[in-house]
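Based on the provided sequences and hints, a complete structural model is requested.
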Amino acid sequence: MKKYSVVDVPAGDSKTIEFELSLEDLKYLDNSLKPQIERGDFNIYINDMKEKVFSFVY
Numbered sequence: 004m005k006k007y008s009v010v011d012v013p014a015g016d017s018k019t020i021e022f023e024l025s026l027e028d029l030k031y032l033d034n035s036l037k038p039q040i041e042r043g044d045f046n047i048y049i050n051d052m053k054e055k056v057f058s059f060v061y
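The numbering of the sequence shown is our numbering, which starts it at 4 and goes up by one.
Please note: incorrect hints may appear among the correct ones.
[What the hints assert, rightly or not] Under the rule of at most 25 Å between Cα atoms (straight-line distance), these lysine-lysine pairs were calculated in the DSS-like manner:
#, residue 1, residue 2
1, Lys37, Lys18
2, Lys18, Lys6
3, Lys37, Lys6
[As the list claims (entries may be wrong)] Distance ranges between label pairs, derived from CB positions:
#, residue 1, residue 2, range
4, Pro38, Asp11, 15 to 25 Å
5, Gly15, Tyr48, 20 to 30 Å
6, Tyr48, Leu26, 36 to 46 Å
7, Gln39, Val12, 33 to 43 Å
These are computed hints drawn from the structure, not numbers from a lab. Every residue, glycine too, gets a C-beta built ideally from N, C-alpha and C.
Printed below as a string of structure tokens:
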């Protein structure tokens, strides 16, 4: 994980959370330790939610 924050939401309450992800945030190091970004479909899930929150194609 590169970016995260803890948000307290009391039971029964809800909060709207906004955050930005750039292509830079999706980079990982390959076996040669070179930064890579893979093309494909990406789904964003939050904690134990079973439904995806956001989806995009790069």
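Hint by hint, here is what the structure shows:
1. Lys37 / Lys18: violated (38 Å)
2. Lys18 / Lys6: Between Lys18 and Lys6 the Cα gap is close to 19 Å, so the pair holds against 25 Å.
3. Lys37 / Lys6: This hinted pair holds, its Cα atoms lying about 20 Å apart.
4. Pro38 / Asp11: 15 to 25 Å: 34 Å Cβ-Cβ, so the 15 to 25 Å window is violated.
5. Gly15 / Tyr48: 20 to 30 Å: Since the Cβ atoms of Gly15 and Tyr48 sit about 22 Å apart, the hinted range of 20 to 30 Å holds.
6. Tyr48 / Leu26: 36 to 46 Å: With Cβ atoms ~19 Å apart, the hint is violated.
7. Gln39 / Val12: 33 to 43 Å: holds (34 Å)
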